[in-house]
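Visitor: Whole structure, please, built from the sequences with the hints as guidance.
One-letter residues, chain by chain:
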Amino acid sequence: MISMVLRRIGNAVAVMVAVAFVAFMIFQFLGDPVQLMLNEQASQAERDALRIRLGLDQNFVMQFMLFITRALHGDFGISYRNQQDVMSLIAERFPATLELVLVSTIIALSIGIPLGVYAAIRKGSPIARLLTMFSMIGVSIPSFVIGILLILIFAVQLNWLPAFGRGDVVHFGSWTTGLLTPSGRSALVMPALSLALFQISFIMRLVTAEMLEVLRTDYVKFARARGLPNRLVHFRHALRNCLMPVVTMTGMMIGDLIAFALVTETVFQWPGMGQLFVQAVMFIDMPVMAAYLMIVSAMFVTINTIVDLIYLWVDPRLRQAGAARGYHAH
Amino acid sequence: MAAEAVLDIRNLVVEFPTRRGVLTAIRGIDLTIGRGEILGVVGESGAGKSLTGAAVIGLLESGGRIAEGEIHVCGRRIDQLPLREMQKLRGRTIGAIFQDPLTSLNPLLTVGDQLIETMRVHMPLSRAGAMARAVRLLQEVGIPSPELRIAQYPHQFSGGMRQRVVIALALCAEPELVIADEPTTALDVSIQAQITALLKRVCRDRGTAMMLITHDMGVIAETADRVAVMYAGRIVEIGPVASIIRAPRHPYTKGLIGSIPSLTQRSERLVQIDGSMPRLNAMPEGCAFHPRCRFAMAQCRRERPPLMPAGTSEAACWHLNGEVSHVA
Ligand SMILES: Nc1ncnc2c1ncn2[C@@H]1O[C@H](COP(=O)(O)OP(=O)(O)O)[C@@H](O)[C@H]1O
Ligand SMILES: [Mg+2]
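In order, the protein sequence lines correspond to chains E and Y. Quick note on numbering: the first sequence equals residues 0 to 329 in numbering that gives the first Met the number 0. Quick note on numbering: the second sequence equals residues 0 to 327 in numbering that gives the first Met the number 0.
It is worth saying that the hints were derived from the structure and are not from the lab. Warning: the hint list may mix true and false statements.
As the list claims (entries may be wrong) - Only some residues are given here: those of chain E computed to face chain Y with a beta carbon under 7 Å:
1) Y218
2) P315
3) L317
A virtual CB, placed ideally from N, CA and C, is assigned to each residue, including glycine.
Guide: Spelled out as structure tokens, the structure:
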């Protein structure tokens, strides 16, 4: 069990080293940063000084080691665009994105799973059909359309919620959160909902499909034949066996949302990583792009590792040493 | 007799409405099982054996419904009970065992969890009390070191051991009646006899009545007190096992008995039943078996024979009136 946990963590580290290498190679092949950073009138002495400051006078391997060591300390160099420390640029933005994504995912799970279970166990009833229909609409409307509709209704018409920004935030060291202030919370409602609507629909459909399949299994039939009440049959026996795909998809979704929260962040002018990344791409701001790549990858890898560990926790069959069978979403 | 019967099925009819019309899968079945009695139900695949069991425990697949007839268990009519009442009976009054032990247990819960939850749903037991009972029960069904095994998951048990767990689960709330639907079919041949013997023993010990569904006449011969032979949704012969094995009256029963190797070793000739059972939407006129029957006569094609007394048993065959024609 412990060895399996260690192996999965080892895998995660290996993936991160590979990603770091790719990020590092971006520097190697995409032009000379010294050219980009200094203007044409800079003297040779100035150029050499910057070259040494950036560590570009070292050989390839040394540079890579230096890159990794610095990355581990949260040092991704300075932005070409405005010469600011990349890490502090990201530290300003990352909490906003993560907060938005996690809140909308929690909303999605706590609404999507119960609705999915309901639609499965009441299959064919009018409410279940209505839910299925709404979920179909929910997965097909782009989130920015929902965002704009929400703004029109709740900000422009009713004036209940702010249309943009993050409200007041509370600082904890370098971390910021809007969850602790009233304006922060009300600013979060619409962006989180517009992200969550797709997720709710998606998770609901997934849970419904999985539940319908599990409800047909022999062990559910046998649980019924033993006279277990529906509550136990549906939640203890059936839902538990549906959780693997839900965990997998939720993990992938969180990763996707962090990487592509861009659209929602643009609609709501949410000060997150998405906007930072767009600016970095337009300016070919290498250190910011590399740091972004590393951080988003680290999120993906962390989430995947957590997903794997949840598997081990939920499914006793995977806990046996040597069990190579894994779960995959269909 | 009728008052003592644990299970009393009267004129049971089960239908499935489909797009192409209503299919009648069970066409009027009468049977009783007494206290501590084992009734074997035998017949080819599709005869309606499983549906009969499913109807008793109220777990017909969606769409299937009891269109006619009554089911009484321990003197109480149960075929029209509301779901909540039926749930109280399942496990507590009627236990069920299904064919495949590999898929009958929830893979994510320990064997002990599944036993304990079942007992505690039906009986006022503390967790510790249920645990102690569960260990004893596993011991009783022949699982070695039950106090260790109880904390294990189904995948850590072999097929035969899992079916023992399933038997323990079916019996854990001490039902009056057990419906065992092909409990050994999915198992290794070497284990089948053990499991059948176990089922017989635990039911005898507890005085539990059992409906043992199988397509294997050999299992019936070893285990059951009485046997009901089913064909195309009806019982075609029913009576004490000994007399039916010794002197089957219905040509279909003769075919089934002829297909037990151990019983026909000496006769050298294995009786085969040619053809297959008619489909539900293409039932022949008269006796449903006549297209496959070597003895079919004009009356068989015209008129359906009812169950008629024949010695200690009953059979549905026109030839009971004139036994001579049987000698082929
Ligand atoms: N859900 C269903 N829908 C339609 N027909 C069914 C259904 N379940 C069973 N049947 C039909 O009922 C008949 C009896 O089935 P069953 O009781 O399972 O037979 P067996 O004797 O092999 O256990 C079969 O002809 C089968 O096709
Ligand atoms: Mg069957």
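Visitor: Could you run down the list of hints and mark each one as holding or not?
Guide: Each hint, compared with the structure:
Nearest Cβ of chain Y to the Cβ of E/Y218: about 5 Å, under the 7 Å cut. The hint holds. For E/P315, the interface hint holds, the least distance from its beta-carbon to any beta-carbon of chain Y being 4 Å, beneath 7 Å. A hinted interface residue such as E/L317 counts as satisfied when its beta carbon comes closer than 7 Å to some beta carbon of chain Y; here the least separation is about 10 Å, so the hint is violated.
Of the numbered hints given earlier, the model fails hint 3 alone.
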